[in-house]
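Engineer: Chains as they are written, first to last, in our numbering: chain A, 1 to 499; chain B, 1 to 473.
Keep in mind that a hint or two might mislead.
Claimed, not checked - Okay, the calculated beta carbon distance ranges per label pair:
id : chain 1 : residue 1 : chain 2 : residue 2 : range
1  : B       : LEU140    : A       : SER79     : 52 to 62 angstroms
2  : B       : GLY298    : A       : ALA219    : 18 to 28 angstroms
3  : B       : LYS69     : A       : THR107    : 32 to 42 angstroms
4  : A       : GLY126    : B       : GLY326    : 21 to 31 angstroms
5  : A       : LYS314    : B       : VAL286    : 25 to 35 angstroms
6  : A       : GLU213    : B       : GLY326    : 27 to 37 angstroms
7  : B       : TYR330    : A       : LYS314    : 20 to 30 angstroms
8  : B       : ALA274    : A       : ASN105    : 57 to 67 angstroms
9  : A       : GLY211    : B       : TYR296    : 20 to 30 angstroms
No wet-lab data here; the hints were simulated from the structure. Just so it is clear, CB atoms sit at the ideal spot from N, CA and C, and this is done for glycine as well.
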Amino acid sequence: MKRSEDIDRTFEPEIRNVDLTGQGQEVPTGRQHNTELSVVTWIFVLLFMLLIGRVAYILVAESDRLKSNINNTKADSNSENVIRGDIITSEGTLLATTLLDEYGNQTRSYPFDNVFSHVVGYATNGKSGLEAEENYELLSSHSSLLKQIQAGEKGEKIQGDRIVVTLNAKLQQAAYYALGSYRGAVVVMEPDSGRILAMVSKPDFNPNTIGSEWETLSADTSQSPLLNRATQGLYPPGSTFKMVTTLAYLRDHPADYQQFSWNCQGALSQDDVTITCYNNEMHGQEDLAAAFASSCNTAFAQIGLETDNGDLRKTAEDFLFNKSLPTSMPSSQSVFKLKKDSSAAEQMTTAIGQGETLVSPLHMALITSTIANGGVMMRPYYVDRIETSDGTVVRKQDPEIYRKVMTPEEASVLTEYMTGTVTRGTAAALSGNGYTVAGKTGSAEYETGGTTGTHSWFCGFAETGEPHIAIAVIAEDGGTGSSTAVPIAKQVLDTFFYG
Amino acid sequence: MNLANLTGTVSKAAQYLIIVLMVIYTVQSYTVFAQRNRTDREQIFLRQNVSMFVIHFLAYLIMYLNTAKFELILFYGAQVLYLMFTLLLYRNLYPRASRSLIKNMCMLLSVGFIMITRLSYDQSVKQFEIAAAGTAIALLIPLIVRKLLVLTKMTWGYVFVGIGLLALVMIAANVTNGARLAIYIAGFSFQASEFVKIIFVFAVAGLLSTEHSFRRVVIATVLAAAHVLILVVSTDLGSALIFFVTYLVMLFVATRNPFLTMIGILAFCVAAIAAYFLFAHIRIRVQIWRDPFADYAGSGYQICQSLFAIAAGGWFGTGLYNGSPGAIPYVAQDFMFSAILEEMGGVFGICLILVCMAVFIMFVNIAMKLSNRFYRLAALGIGTTYATQVFLTIGGGTKLIPMTGVTLPLVSYGGSSLLSTITMFAIVQGLYMLRGDEVKQKNAAQIRPETERTPQEVYSDRRMERDEAQRRY
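Could you put the whole structure together from the sequences, leaning on the hints where they help?
Structural biologist: As structure tokens, this is what we get:
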């Protein structure tokens, strides 16, 4: 073939000689020879579809979380056009608002000062609490287009959306003042909906003056006043964990748990470890209900020895130990470490809520709520709805069932035992107030850096027949549950029932 | 209504109109595949041209309204001239070139011009100059590809130049952003791997088109592995992956042996795990991918900002100048897609992915129709390179896969990437026109009077002629 033939046909040779024969390069074209190319095409088309799917997934499923991520400052540029919205309770009490002076300068104001400090949070020097979680919503406006245009014409900023929370100002104040000067937390929730009614953490801070006090507050690592202990504090549960141990025992002995019998001698030893009852008290002969009511450590240590470790672990994990809580609030995972081959000592200490187990106050309130709600765990939430400044609802949160943790029968046995705690046991101060309470106290011993002490716990709900309210209280270094946490809970419950 | 308000309203309207036009454009870049009738195809191309120019106009209108910079008007004019010249020149010099490929190339370039101008006017001017010069030079490439059969016979030349350049960069390069990517020649930074990509495709095509005995496959694999290894050592992971995938795909198509490909994938897995434990920078990338927020202020910052940008844009975008894509470090190079999503929206972004996919399908389509093995493999290799790069950059920016830091071809800022992609498009155009030559030559050799042929032959010949007549898109 002469190649010179084409040289003068620069751009459009009619026929050009292609090497069809040389070196056996030719492959006959045809469908069967393009199979590999089709395979390659389809693989890459699939990859492109994966990209599209990923983009769609971010926009549909991850967008809200990304927009309200604490590090996301994109919405902050909205503040040039939007006045940060209010945070109010569903009764209409104002918790956070933006004040404008005559020059249009904005100041964030919190009418209750320290009372809502952690749950509402702050919006200067970074953000926390609801101010962080709902930052994007507070800085967005879903007002009508007409209103937005009107505001734009006048050169005014538009009012951002309003966050309506489930918190109850009265209960929050009662819990805040009841906890007094103790470090610790109080969480109050509605068992059948998961609505958080109050959430207090101490030590606290004043969000109105956080700007000037930032240096001291953030540097204080021994007290950590900025940490929301209610959701992120982790404490040994002490005897409140006996609710979980009891359920595991019920599940292991569905037919004969009522035959449980124990003669408490004030102490129980196994493998060089001795478990004692509080004040070395001897409870004598008792059944399961009595052991629960008197919070008998030796009886529960014995139950720990009798119960299979795997079963106890499974029950604990059913209650979401070692798992994230089903909520949008930043919360710590509770810890449960007992394993199949753990020693007898670990079995005994874990069963009575000591050992390596750790739990957050919110989690304890959630466990109590689940028992109150017949074994059905509701998702805890505190944002009831988001609405525009003139009250049009943008988004509403309805109660959601998270999962069924136990049968109604199991829940009612636990309720019965917890009622015993109040009528004849460690929380007797809660009886005879005109409402019925079921609960469990805890005196959680701890040892950190050489210092030892006892945290005071109470978890419970009222009324026993028709639970309206569940509460978890922890007072750090408060001593026994009966001495400190129970009176705190009483004040909150009194406020709930009598105002 | 005051002026500021009017500006806002016009910008908003233009923003949504851009999205509608982009959707129309994208749908048409697929319907054209199905359209056999030539005049109908012309219609589609015309409508696509209109969509592209209107999108380009609206975007510059928004940018002008927001900045009131006079130089934007001049710059816009220059770009319109450039796009028109490119379309017209190809049409007149190469009437048999693939129209849909040129159109998509212009579309991707114009989206890039818009977004880079939004991010930095100076960078955009630089990008535009390189695009214009590159396109002018690339006009010669289809001619060279068609004329020089010797291109198919320089296999060892490609191998030595490719490996040589990569090694040179590895040894002499400046360290930029953790990866040794560029060498400077006369003030221009020159990213060798971008060009070696093309040379590599030619080398592999040369090695595997003539024979695929066991010995030949081993030689080819060793040489390909040398390329990939140099790139891994240079910490240019994105390019290493592109080279690797390209080789694997070409090997599969050349040998038609899925078993070999499986071994290749297996070897990749072993190598990836080994690399994970050997190189700290790979471990960091995987760490960032699993949880970018764990080290938000440090290594995770870039990808977190990219995700924030995508979320902020939503489906319809914040509108040009209403977002803050500049918050992403190296946005114009590595995170162009996220910037586009923030200000022009998810719908626009998904259309952009689909346009890239249409380009890839066109590349493979052309490979399918070529009968010369070398050209066939070359077209496929270029297509694979392109698609892999798109997947890596968009997948990385959306945290689908770990970040590898490669550009979005034709859209991202970067001269080397732009030049090499324009070259790749031009080469495929050359190959596309070769196909036309092949068919004609075949027909000329085969056609005998109808009376001498069997009815089946007559039927198949006529069918072939008809197909050829319809193939010019």
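Engineer: Where does the structure disagree with the numbered hints, that is, which hint numbers, in rising order?
Structural biologist: 7
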